[in-house]
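Those protein sequence lines, which keep their order, are chains A and B. The opening residue of the first sequence carries number 2 in the working numbering; numbering runs sequentially from there. The opening residue of the second sequence carries number 2 in the working numbering; numbering runs sequentially from there.
Hints may contain errors.
Said to hold, decoys possible - Label pairs and their in silico Cβ distance ranges:
1. S171/B with N6/A: 57 to 65 Å
2. V57/B with I319/A: 46 to 54 Å
3. P332/A with I303/B: 52 to 60 Å
The set of hints was computed from the structure by calculation and includes no laboratory data. All residues carry an ideal CB built from backbone N, CA and C; glycine is no exception.
Number of protein chains: 2
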Amino acid sequence: MLSINRERFKENFSALANIGVMREGGINRPTFSNGHFKAREWFKQKTIDAGFKFKVDNAGNHIARFNCPSSTSPVLIIGSHLDSVPNGGKYDGALGVVAALEVLQTVKDSGVILPYHLEAIDFTDEEGTLVGLLGSSAVAGKLSEMEIANPRGNQDVLVDGYTKLGLSPSTILTSKRAPESIAGYIELHIEQGKILYEENIQVGIVTKIVGINSCSVTFLGRADHAGTTKMEDRLDASQGASSFGLTLFNRIKNNYPACVVNIGKMVFHPGAFNIVPEKVVVSVEFRAPESRQLDEIKFDLITVAKESAKAYNLKVEINFLGKHPPVIMDPRVRSTIKRVADSLGLKSREMPSGAGHDSQSFARICPSGMIFIPSKGGISHSPKEFSYWKDCVNGANVLLNTVLQGADYVQLY
Amino acid sequence: MLSINRERFKENFSALANIGVMREGGINRPTFSNGHFKAREWFKQKTIDAGFKFKVDNAGNHIARFNCPSSTSPVLIIGSHLDSVPNGGKYDGALGVVAALEVLQTVKDSGVILPYHLEAIDFTDEEGTLVGLLGSSAVAGKLSEMEIANPRGNQDVLVDGYTKLGLSPSTILTSKRAPESIAGYIELHIEQGKILYEENIQVGIVTKIVGINSCSVTFLGRADHAGTTKMEDRLDASQGASSFGLTLFNRIKNNYPACVVNIGKMVFHPGAFNIVPEKVVVSVEFRAPESRQLDEIKFDLITVAKESAKAYNLKVEINFLGKHPPVIMDPRVRSTIKRVADSLGLKSREMPSGAGHDSQSFARICPSGMIFIPSKGGISHSPKEFSYWKDCVNGANVLLNTVLQGADYVQLY
Numbered sequence: 002m003l004s005i006n007r008e009r010f011k012e013n014f015s016a017l018a019n020i021g022v023m024r025e026g027g028i029n030r031p032t033f034s035n036g037h038f039k040a041r042e043w044f045k046q047k048t049i050d051a052g053f054k055f056k057v058d059n060a061g062n063h064i065a066r067f068n069c070p071s072s073t074s075p076v077l078i079i080g081s082h083l084d085s086v087p088n089g090g091k092y093d094g095a096l097g098v099v100a101a102l103e104v105l106q107t108v109k110d111s112g113v114i115l116p117y118h119l120e121a122i123d124f125t126d127e128e129g130t131l132v133g134l135l136g137s138s139a140v141a142g143k144l145s146e147m148e149i150a151n152p153r154g155n156q157d158v159l160v161d162g163y164t165k166l167g168l169s170p171s172t173i174l175t176s177k178r179a180p181e182s183i184a185g186y187i188e189l190h191i192e193q194g195k196i197l198y199e200e201n202i203q204v205g206i207v208t209k210i211v212g213i214n215s216c217s218v219t220f221l222g223r224a225d226h227a228g229t230t231k232m233e234d235r236l237d238a239s240q241g242a243s244s245f246g247l248t249l250f251n252r253i254k255n256n257y258p259a260c261v262v263n264i265g266k267m268v269f270h271p272g273a274f275n276i277v278p279e280k281v282v283v284s285v286e287f288r289a290p291e292s293r294q295l296d297e298i299k300f301d302l303i304t305v306a307k308e309s310a311k312a313y314n315l316k317v318e319i320n321f322l323g324k325h326p327p328v329i330m331d332p333r334v335r336s337t338i339k340r341v342a343d344s345l346g347l348k349s350r351e352m353p354s355g356a357g358h359d360s361q362s363f364a365r366i367c368p369s370g371m372i373f374i375p376s377k378g379g380i381s382h383s384p385k386e387f388s389y390w391k392d393c394v395n396g397a398n399v400l401l402n403t404v405l406q407g408a409d410y411v412q413l414y
Numbered sequence: 002m003l004s005i006n007r008e009r010f011k012e013n014f015s016a017l018a019n020i021g022v023m024r025e026g027g028i029n030r031p032t033f034s035n036g037h038f039k040a041r042e043w044f045k046q047k048t049i050d051a052g053f054k055f056k057v058d059n060a061g062n063h064i065a066r067f068n069c070p071s072s073t074s075p076v077l078i079i080g081s082h083l084d085s086v087p088n089g090g091k092y093d094g095a096l097g098v099v100a101a102l103e104v105l106q107t108v109k110d111s112g113v114i115l116p117y118h119l120e121a122i123d124f125t126d127e128e129g130t131l132v133g134l135l136g137s138s139a140v141a142g143k144l145s146e147m148e149i150a151n152p153r154g155n156q157d158v159l160v161d162g163y164t165k166l167g168l169s170p171s172t173i174l175t176s177k178r179a180p181e182s183i184a185g186y187i188e189l190h191i192e193q194g195k196i197l198y199e200e201n202i203q204v205g206i207v208t209k210i211v212g213i214n215s216c217s218v219t220f221l222g223r224a225d226h227a228g229t230t231k232m233e234d235r236l237d238a239s240q241g242a243s244s245f246g247l248t249l250f251n252r253i254k255n256n257y258p259a260c261v262v263n264i265g266k267m268v269f270h271p272g273a274f275n276i277v278p279e280k281v282v283v284s285v286e287f288r289a290p291e292s293r294q295l296d297e298i299k300f301d302l303i304t305v306a307k308e309s310a311k312a313y314n315l316k317v318e319i320n321f322l323g324k325h326p327p328v329i330m331d332p333r334v335r336s337t338i339k340r341v342a343d344s345l346g347l348k349s350r351e352m353p354s355g356a357g358h359d360s361q362s363f364a365r366i367c368p369s370g371m372i373f374i375p376s377k378g379g380i381s382h383s384p385k386e387f388s389y390w391k392d393c394v395n396g397a398n399v400l401l402n403t404v405l406q407g408a409d410y411v412q413l414y
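With the rest of the complex left out, here is chain A (with noise of 0.2 Å):
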């Protein structure tokens, strides 16, 4: 069988993770920040000197393609994201990133002809700094206006950012594919979570991705002297929004154990010690396996948010920011990783995501899989976020043996 080139591809890992590092060693790359400009530079550049075709499209993904000989075949896409949380870690989407454009390095290399072109592709803000799937959804033709016009993020940022790449979010929804020139996708990932490396299993065969809804829930109360108003006479956003947010992490922790939910920031305005706070808005994601559990949820969430409104006298604003619906990985897809990990003589089992995918745009539209290799203690979005090398370039051959084995599932019309 076929193997990577541990070297090349540990000097590009490794130059990756130099940019958009912090003092601390995190690496901050949130969508359109200088380390994210950074990194999709550095991709262009290796795509370039590699000699593959570079080509960005309107959703402002990186793409290097390396074309098969017959002009009509349909193109397999292997990717992830360069772009991260704030203060996260070196794997989380770089990892995928530099082992698909090795992949197609290596098989470039190998003189191997495969009856599909082959693309690596650094997808735009998977991350959601700004919609979360935006670059893979807009290929997938999933992306909608509505969530490119009131995204989570900060709307001046995804203007700006597009703007900066001579493009325009009024032409980001062109970038969509016709399904039938998609023969199928494949994404290798760090798990970001502890099952692979407690168990000790070297490969994960991802069965389902879960589905992610998020909102900004804002609290609406009065502005007064924290000196002067009595305890009882104020209407304090921040009693709303606390109490929202201790009884919905309750109710979905109690309620739902398949499901999660996070309460990842709170924004208070004005915001000093001595102004009792009249607007705090909350930004809330929940996740579950089903589509009716993330409806079930949904319906939670707004019950709590009326609820704690009501028992401070308060106002609350309830602005939904798009879901991804759960998706399930093409069997034909998840039995090709299996017997070629199997091959390689690696230990491999199958397991869902409970981590948002670009994957999962493609899973709607094309045979989709996911290679996982273990995280250590199951740290991920965090400096601490660690995979043993020696797990990568696991990974990064099935990933590759995974692509050589298309014939088994892609889609030629």
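Guided by the hints, dock chain B onto chain A, whose structure is given.
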């Protein structure tokens, strides 16, 4: 009795009320913001145009001085502050400064000879963007090195601001004056509560000012992926912070009817939808009429913080940020204000102040008094802050005649 010049007073007040205005009509002049620098510049120009001696001391206080014939006499200080809370009102502080300048000018125009010098002062950072009562407590010799080195606001803003003024944080304490050089201190201010407004009384005579203490409480957990980390495995700093905020609020409301607490701000780190917050910093301020109560609440706050942290397996750090003890206003000054109000045909009443004021600093070293006028609906620290102009003029005339009657209360060594 002498009266201030209504037109000039109105013109000056209106000019100042146009500095640092936000779109919705709020005044935004936090210490060393652009709006604050412009307001300071206005005071300087006004002082020079009116022919008074202008001085900046090492705490950055802006001083207009009108000397009496005897150079060895002490000075009677009148004033307030031109800084504001974020998006506050146009009366808080500004009214007292404009009235102080107007009193100086009226006294000068009248040709009256007083046995003490007069100063109208705009004190630096009364509101506590940085320290709170910074300028006045420096002059009174009640500021400590520790408060400058460990401000409740942003240390960089403090250093940059003093640097822009051509001053240095290291010499702020040298602005202390010899107590025997200060004959007394009188301040005009809006009530910021609704007692005078509801009782239809024109003049409030402050008996005492509540003590204030503030602190930042930091809950520390662990950053984790908000999708892959089970609810029960999280160390979520937001849960501790929310529990602390709700519990403390209820404890003070139920156990200390004369006291107040405010959770003015929480800052989430790293603050993203999809990361479990590892750190939440809570800004807390509490006030009490008695020193003993301030100490009791401090003890309760520490207990609640520790319990909230323990309940969610978090760590907690508490940083106390300076305390202003409660003070009593001088009985002789109070009776002079009462007599002046009576002579002017104005209804008055004695009342405590729930808000902090620069007079707190001076009450610890010299005869001090405060004159309140009604706040419509009691609303303050808000763009909705409003006082009728007739009440403002009444207040300025009470201030003027209380200054002229200084012989009744000032200390002349």
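Evaluated hints:
no. : hint                           : verdict
1   : S171/B with N6/A: 57 to 65 Å   : holds, 59 Å
2   : V57/B with I319/A: 46 to 54 Å  : holds, 50 Å
3   : P332/A with I303/B: 52 to 60 Å : holds, 58 Å
The earlier numbered hints are all upheld by this structure, with none contradicted.
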